[in-house]
Amino acid sequence: MKLLFEKDIHGSNSFSFPEPNIPDTVDVAIPEEFLRTSRLGIPELAEVETVRHYTALSKLAFGVDDGSYPLGSCTMKYSPKICESIAQLPGFADIHPYQSPLTVQGALKLLDELQEVLAQLTGTDRFTLQPAAGAHGELCGIMIVRAYHKSRGTDGQRRVVLVPDSAHGTNPATASAVGYQVRVVKSGQDGLVDLDDLKSKLGDDIAALMLTNPNTVGLFEKNILEISRLVHESGGLLYYDGANLNAIVGVARPGDMGFDVCHVNLHKTFATPHGGGGPGAGGVGVKEFLAPFLPSPTIERDEDGFYSFGTNLPESIGKIKTFYGNFGVCVKAYTYIRLLGYDGLRAVAQNSVLNANYLKKTLSEYYDIPFDVICKHEFVATNARQAKKGIRTLDIAKRLIDFGYHPPTIYFPLIVGEAMMFEPTETESKERLDELASAMKTIAEECENEPDRVKGAPYTTVIGRVDETLAARKPILKYTIE
Amino acid sequence: MQYIPNPKNKIDEMLSVLGLSSLSDLFNDIPFEIRQKCVSVNDKPGESELEVRRHLEQLAQENWSAEDAPIFLGAGCYDHYIPAAVDYLLKRSEFSTSYTPYQPEISQGILQGIFEYQSLICRLTEMDVANASLYCGGSALAAACRIASEATKKRKVLLPTSLHPEYAQIVKSAGIADFYETVDVPIIDAASAVPSGVIDLNILDSILDEDTAAVVIPYPNFYGCLEPVGAIIEKVRAKTKALVIMSVDPFALALLKPPGQWGADIAVGDAQVLGNRMSFGGPHLGFMAVTEKLLRKIPGRLVGQTVDDRGNRSFVLTLQAREQHIRREKANSNICSNQALCALATSMYLALIGPDALKQAAEIAHRLTNYAKQRFQQAGFHLRYSAPVFREFAISLDRPTEANEFLLENGIIGGYELNDALLFALTEKRTREEVDELVDAMIEFSFPGKKTGEGAGENVK
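Sequence lines, in order, name chains H and Z. Just so you know, we're using the working numbering here: the first sequence kicks off at -12 and counts up by one. Just so you know, we're using the working numbering here: the second sequence kicks off at 40 and counts up by one.
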């Protein structure tokens, strides 16, 4: 499909603004050295052509509204449409972050209530909504960990953050982005943190352990209370990566497991759409003793119920995002929580786990399941049986596209070779899951009978498999006229 | 209201396939004492869609929006006009409900959209390479400072006091990682006369040394003023190997010489001004554009052009060896989710407005700014700073907070409160009538009894 720049027709765009009724003598008063002399390289298109361009592009994309999206660790659930339309209200979408608190009481109240309910749901005491994404929440949380150790004079000594080998890449990347060294904790045969390995890696140089629970193979770390005890005894803090909160929301809380600081992905558990990669929101909750280190500003409510911003946190990590966070995303999450209520959120966890176990059970007939016990919201399968015919996980994923599904997450977690990680979410019906299983069964049969068909997939898409090596070797990252 | 499509009988059917009798059996691996603590945390029931809508509309009405009152606030977030087709197209759920485009075969729409965004940012800034977006202008600047310290292997990052205070705070917060240390560079801000409000070149010259990793130039600066970019860069190049990071308002680039032409190494900024609603400060998007030399240092997603196995031009996420999911602790950033849909909005905005109307909007905003400045000065007010501005300026006042309250009583959302001034921003959405109302109200506040348009009173600084 042509690029915007290839549809450029000089003189075709007639968009204009009304000239203000001010005297002609008021002219551009910018010294010449600052003026742009080069042509502004934006293409010219008639409105109809731009609308058709993006409509056509949309047809080359695949969202949750198009079909099942069992992308593990991403919680690609249905986003209720009411949440979208509420976030578009002018009283939310057209307010300026520096307006007087007098004129934004509704917005501040919403943020305050959302913080409170998220603190309740995670078992933490104080919450901030400033982080713009899950990884940004991790950054915020680990900065809080570092500020805590600095305040105690232990920062110089505690230079290491522990991360399981099954962790999301953001965990070790976050630790080093805050200036920590990373030490990897091994998983055992059962897919859980190996307690002996953990013990051997704990010491007085540990700042924190970052843990996802349920973890990335979809299993609940059932030794969490022991892990918590060990980490705390060594003087470290326990960080909860909330990427998989959807599995336990309303059933169990990170705070009750011993976590000191956690982030939640509003774009996962609280159903705000993923936007082709963002925006999300990654609020962070802490136990009371870490509250002094939260980012500034905080939202304060006085005795008369009047809301304002507070900046009275002398030990705060400071600011991590311009203004207060992805407010528009928070509006959607708040709306979602009100719709569901607490029982509804618990039903989310229950049904996401039910769906994952049901799909695992039906797929286990055709695919290897490395950890075949009751899982939480996601599980890992592999190509072990299909590998005999030379089929890679990539091939299975690409073939699944031809059946109208988004593939599962592949080649993650790293502790399982050729992993396929399925997370169906609670918003898929039994019929949908049966259809997905049936497609996977057909693919398994194809792997047996006509493996080349699977290796050549996909066939139904606008393009075939792309040359990623070429893209990286000779990067073309923008349009230039040939 | 719930969004679970399975009725009870289907749930039971699935449970029986698993050999379980109840949903709670699925959670027996969680220690009982943990589950027990969660039972009575909150008993708030769910609500119907209509109830929720009523409640949320009520909350929204408690806020004054740009539809309720003219807004003269800027300071990093601006009330620009967005063509109707932007919101219309953003509602396409293939864009809004998809994930990061890891599967190129079914994500060409998102990938091409981001490739076009990268291209548009390169054209606006005249830099070589742009990424697929970062969280916001401030975090983009912090990321740029990290790049500078790593690329130069030096530690000092120079931040002028004319930088957006929140951007400066974000850079300083990120400094906890010890990649760099920040040094403030004062602006010319003498107490007498009207100071220029831009970086003091003499002091800059005295601070620049061999350990300087980066010099940040806000463009325009927080007070709306145009920094002496050419002279600053000349000094930096003469004395150091430091990178020049320009923190740019991309809307201004419709009129202003782009960072690439000034010779910047990195351009960052917030593209909210190009097609994204204010939304109380987010979601907006940070952009970053760098020189070819820094290509492999840029954080976040990058979309590249390649070919598929049938020889078609296609797009794919590329150079992922920089990123967290491949490099883990060796990644150059921890970013995963970005602000992709906001980036798409920015591309749509630029395509819908086109080059002529974008320039027209920038000229209107600038001329309205000059008109407002003139009216304030004619009425006896003093500019806080004298350097040339684009679409924002500060007026000296003894009591800026009270002045803003007075404006609010008159149905006007006033300026950003500095210690001794109000900072006003003008966009193409403002009209002459609104500017006149603003100035008249300010006259009434500062010179009570005087008719609008008359001379200075006692209580003006």
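In short, the hints are calculated from the structure, not lab data. Some clues are possibly wrong.
[Stated by the list, open to error] Only pairs whose alpha carbons sit at most 20 Å apart, straight line, appear in this in silico DMTMM-like list of lysine to aspartate or glutamate:
1) H:Lys137 to Z:Glu220
2) Z:Lys47 to Z:Asp68
3) H:Lys137 to Z:Asp217
4) Z:Lys398 to H:Asp289
5) H:Lys173 to H:Asp152
[Said to hold, decoys possible] In silico negatives: residues of chain Z with every beta carbon more than 12 Å from chain H:
6) Cys77
7) Asp107
8) Gly115
9) Ala291
10) Ala401
For every residue, glycine included, the Cβ atom is placed at its ideal position computed from N, Cα and C.
Now for the hints, and whether the structure bears them out:
Of the supplied pair hints, the one linking Lys137 (chain H) and Glu220 (chain Z) holds, its CA atoms being roughly 17 Å apart against a limit of 20 Å. Distance hint between Lys47 (chain Z) and Asp68 (chain Z) is unfulfilled; the C-alpha atoms sit about 24 Å from each other, more than 20 Å. Restraint check: the Cα-Cα separation between Lys137 (chain H) and Asp217 (chain Z) comes to about 13 Å, which is no more than 20 Å; the hinted pair holds. For the hint linking Lys398 (chain Z) to Asp289 (chain H), the alpha-carbon distance of about 46 Å lies beyond 20 Å, and the restraint is violated.
Restraint check for Lys173 (chain H) and Asp152 (chain H): satisfied, since their Cα atoms lie roughly 5 Å apart, inside the 20 Å limit. At roughly 5 Å, the least C-beta separation between Cys77 (chain Z) and chain H is not larger than 12 Å, which violates its mark as non-interface. Against the 12 Å criterion, Asp107 (chain Z) falls within the reach of chain H, whose nearest CB is about 8 Å from its own CB. Its beta-carbon lying about 6 Å from the closest one in chain H, Gly115 (chain Z) breaks the requirement of being farther than 12 Å from that chain.
Not every CB of chain H lies more than 12 Å from the CB of Ala291 (chain Z), the least distance being 9 Å, so the non-interface label is violated. At the 12 Å boundary, the C-beta of Ala401 (chain Z) falls inside the reach of chain H, the nearest C-beta of that chain being 9 Å off.
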